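Chain by chain, the residues run as shown.
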Amino acid sequence: MTNPLSSTKILIVAEHDRGHLKLATLAAVCCAQQVCQATGGAFEILVLGEQVADVVSSLAPYGAAVVLKADHSSLLNPVADQYAQVISKVVKDRGATMVAAAASTFSKDVLPRAAALVDAGMLGDVVSVTPDGDDFTFERVMFAGNVIATVKLDGPLKVLTVRSSAFSVPTKVDAASPVIDVSVDSSSQSGLTTFVSREEKPSGRPDATEARIVVSGGRALKNSEDFERLVGGLADKLGAAVGSSRALVDSGITSNTLQIGQTGKVVAPDLYIGLGISGAIQHLAGMKDSKVIVAVNQDSDAPIFEIADYGLVADVYQVVPELIGKLGQK
Amino acid sequence: MKILVPLKRVPDYDTKIRVNAAGSGIETDGVKYSINPFDAIALEEAIRLREGLGDVEIVAVSIGTEECQEQLRAGMAMGADRALLVRHDASLDSLAVAKILAAVYRREQPNLVLMGKQAIDDDANQAGQMLAALLGIGQATFISKLELPKDAKQVVCCRETDAGLETVSVQLPAVITADLRLNEPRYVTALGIMKAKKKPLEEMTTADLGVDATSRTRVLSLRMAPQRKAGVRVKSVDELLQKLREEARVI
Ligand SMILES: Cc1cc2nc3c(=O)[nH]c(=O)nc-3n(C[C@H](O)[C@H](O)[C@H](O)COP(=O)(O)OP(=O)(O)OC[C@H]3O[C@@H](n4cnc5c(N)ncnc54)[C@H](O)[C@@H]3O)c2cc1C
Ligand SMILES: Cc1cc2nc3c(=O)[nH]c(=O)nc-3n(C[C@H](O)[C@H](O)[C@H](O)COP(=O)(O)OP(=O)(O)OC[C@H]3O[C@@H](n4cnc5c(N)ncnc54)[C@H](O)[C@@H]3O)c2cc1C
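Sequence order for the protein chains is U and B.
Residues 1 to 330, numbered by my numbering, are exactly what the first sequence covers, in order.
Residues 1 to 251, numbered by my numbering, are exactly what the second sequence covers, in order.
Same shape as in the complex, but just chain U (with noise of 0.2 Å):
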């Protein structure tokens, strides 16, 4: 018997910072490889921007049925009126049942859009996609991360963002997916908003959703000198990635990008190391589902204690120092 869900369409946005593939991507990929592993449908994925070629040739060896190129001047930037308006043809045109995409700020700005222009609803941050019966049954977590809700979702087009903590790296196939360019019509796009500039702080370390190591500073830094020293210094000795609490990102010691949270990244390496951090619920909905959690606060009843696996009760400024020089040492 054929599965009722075997004509499963999905098709993945890719995410990509000018030209180089953003890993998150990959778990979306893996989430499509498993739903059309157990339904016997297939995906798509859909590249937008300028200059696009290699980004579209990293992910030629994942068992895409085709991966869809839409390359033009007009997307250089990412403004989401217009990527919203390729990504609904294209849903419509490639005949799409599912669109996918990594949970960011990058798809969270996108995505919802696009799903209005093709009146479909929407889930955002999924953890797990279930085929039940001729439908699908999905989680996702809600209230800072402390409620996981099982819900359906009606309509004959499905949009979600996935967790990338939640799934793991897709399987590679030998043959490479043929690549179909798209045509872009820069006439019909509206210009409603304008790109003007943007700012980024190179730090020349991993990403914290990317990293195998994070290490975040809280309140307990007092300034830019000392988090860079501490918090960066501790990061650079074991290869890792360098996070924040809000209230360093409020004070303007670090930059929004480092905020881990709620309104923040969401990252679940192998090991976070919380220095001087409190643990409030909005700052563990970003970093609880770490595989080690390790806790420096000089407040024995700080509540990063209650899911911490290794707690110490010190002081960062002293600590700190002596955990960095010792890791140089075996």
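Just so you know, these hints were derived from the structure itself, not from any lab.
Heads up, a few of these hints could be off.
[Said to hold, decoys possible] Here are a few chain B residues that face chain U, going by a calculated C-beta distance under 8 Å:
id, residue
1, 93
2, 94
3, 126
4, 137
5, 142
6, 146
7, 164
8, 170
9, 216
10, 232
11, 237
12, 241
[As the list claims (entries may be wrong)] Cross-link-like lysine-lysine pairs, in silico, DSS-like; alpha carbons within 30 Å at most:
id, chain 1, residue 1, chain 2, residue 2
13, U, 152, U, 9
14, U, 326, B, 235
15, B, 229, U, 237
16, U, 237, U, 291
17, U, 222, B, 145
18, U, 201, B, 145
19, B, 16, U, 152
20, B, 195, B, 32
21, U, 237, U, 152
22, U, 291, U, 222
23, B, 2, B, 145
24, U, 9, U, 89
25, U, 152, B, 32
26, U, 172, U, 92
27, U, 222, B, 235
28, B, 16, U, 291
29, U, 69, U, 172
30, U, 201, U, 222
31, B, 150, B, 199
32, B, 2, B, 198
33, B, 229, U, 291
34, B, 235, U, 237
35, U, 237, B, 32
36, U, 326, B, 243
37, U, 69, U, 9
38, U, 291, B, 235
39, B, 243, U, 222
40, B, 2, B, 197
From a predicted model like this one, the values you see are computed outputs, not experimental measurements.
Backbone N, C-alpha and C fix where the C-beta goes; we use that ideal spot for every residue, glycine too.
Fit chain B with the ligands to the supplied structure of chain U, relying on the hints for placement.
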């Protein structure tokens, strides 16, 4: 100039959320409700725009049960000029919320919709983007700074993205969604509360607005996310390093 600010009624951010025994919803007994924090930030920004630009009317709108009046009164105590309550007692998903807000928008014809980037209960982060799409107008999401000179036809926004900060210019009318760093909402004063009692709060239903608010999202059940257990306390840096190397094997 007219600014529409949606205010969602949500459990206060420092409430400990518990799923009820049936797994059908959250325990509501003893839960304090507030304006969604991001919406309070959006309202604050609207008030600051009015303080800067002069002639601005701020209309707060909430969708839900009669209880949402509480958040609308609080919004008017902060400074909104009047309020609309769209009565809908069943749960709504983001697309349905966006469709209702689109109908309110068509009725009110504001120049700007300032709303929160996400509701801290469902954490969907979709309604604003969907609303902008339905109206065919521009959007700027997750913004931490906004500039709107008098008589300007566009608003310049600084957006918080995963990669840093991005500046975009959006034609008015537009939908703007607020991030936490945009501002710090003011406290409500006793005088504000007194004044709010006299401000108009109009009620309508989704039927009055002619909107089909059927949700696509159906919730089957809820459960608490697995809780981590407290691990061990170590006494020294040496002990910590030994545990990380030999027990956890992560370094
Ligand atoms: C809607 C909403 C969304 C939010 N989203 C996020 C989010 O995404 N991410 C986030 O992080 N926060 C978020 N917050 C803020 C959150 O509620 C907390 O305020 C924040 O996480 C606190 O940061 P902190 O732990 O660094 O600071 P604090 O809570 O001030 O804790 C500092 C800790 O450092 C310890 N300490 C101080 N000095 C030392 C020292 N010398 N050595 C060792 N320990 C020391 C103290 O004992 C204390 O435990 C959000 C809040 C709201 C309302
Ligand atoms: C367990 C569970 C899971 C759910 N999962 C989903 C899901 O994945 N996708 C989905 O679409 N729906 C889902 N729903 C339905 C859920 O009720 C909607 O997400 C919600 O009503 C609308 O989205 P939001 O408030 O989270 O919007 P967001 O997009 O997070 O909110 C952004 C902004 O929209 C405005 N806003 C939203 N609602 C209102 C309101 N009622 N009144 C005034 N302003 C408002 C506010 O300004 C808010 O800051 C779920 C419901 C439950 C109970």
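Hint-by-hint comparison with the structure:
1. 93: holds (6 Å)
2. 94: holds (7 Å)
3. 126: holds (4 Å)
4. 137: holds (6 Å)
5. 142: Hint holds; residue 142 of chain B Cβ to chain U Cβ min 6 Å, cut 8 Å.
6. 146: violated (13 Å)
7. 164: holds (4 Å)
8. 170: Given a least distance of 5 Å, the restraint on residue 170 of chain B holds.
9. 216: Since chain U brings a Cβ to about 3 Å from residue 216 of chain B, closer than 8 Å, the hint holds.
10. 232: holds (6 Å)
11. 237: holds (5 Å)
12. 241: holds (6 Å)
13. U:152 - U:9: With Cα atoms ~18 Å apart, residue 152 of chain U and residue 9 of chain U stay inside 30 Å; holds.
14. U:326 - B:235: OK: residue 326 of chain U and residue 235 of chain B at ~16 Å, within 30 Å.
15. B:229 - U:237: holds (28 Å)
16. U:237 - U:291: Since the Cα atoms of residue 237 of chain U and residue 291 of chain U sit roughly 20 Å apart, the hinted pair holds (cutoff 30 Å).
17. U:222 - B:145: holds (25 Å)
18. U:201 - B:145: It holds: about 18 Å lies between the C-alpha atoms, which stays within 30 Å.
19. B:16 - U:152: holds (26 Å)
20. B:195 - B:32: It holds: about 23 Å lies between the C-alpha atoms, which stays within 30 Å.
21. U:237 - U:152: Given that 30 Å is the threshold and the Cα spacing comes to 46 Å, the pair is violated.
22. U:291 - U:222: holds (28 Å)
23. B:2 - B:145: It holds: about 19 Å lies between the C-alpha atoms, which stays within 30 Å.
24. U:9 - U:89: Distance ~15 Å between residue 9 of chain U and residue 89 of chain U Cα, so the pair holds.
25. U:152 - B:32: Judged against 30 Å, a Cα distance of about 29 Å means the pair holds.
26. U:172 - U:92: Holds, at roughly 28 Å.
27. U:222 - B:235: holds (24 Å)
28. B:16 - U:291: holds (24 Å)
29. U:69 - U:172: Distance of about 20 Å is within 30 Å: holds.
30. U:201 - U:222: holds (20 Å)
31. B:150 - B:199: holds (27 Å)
32. B:2 - B:198: holds (20 Å)
33. B:229 - U:291: holds (12 Å)
34. B:235 - U:237: Holds: residue 235 of chain B and residue 237 of chain U sit about 22 Å apart, inside 30 Å.
35. U:237 - B:32: violated (45 Å)
36. U:326 - B:243: holds (14 Å)
37. U:69 - U:9: holds (17 Å)
38. U:291 - B:235: holds (21 Å)
39. B:243 - U:222: Status holds; Cα separation ~29 Å.
40. B:2 - B:197: holds (21 Å)
Checked against the numbered hints given earlier, this structure breaks hints 6, 21 and 35; the rest are met.
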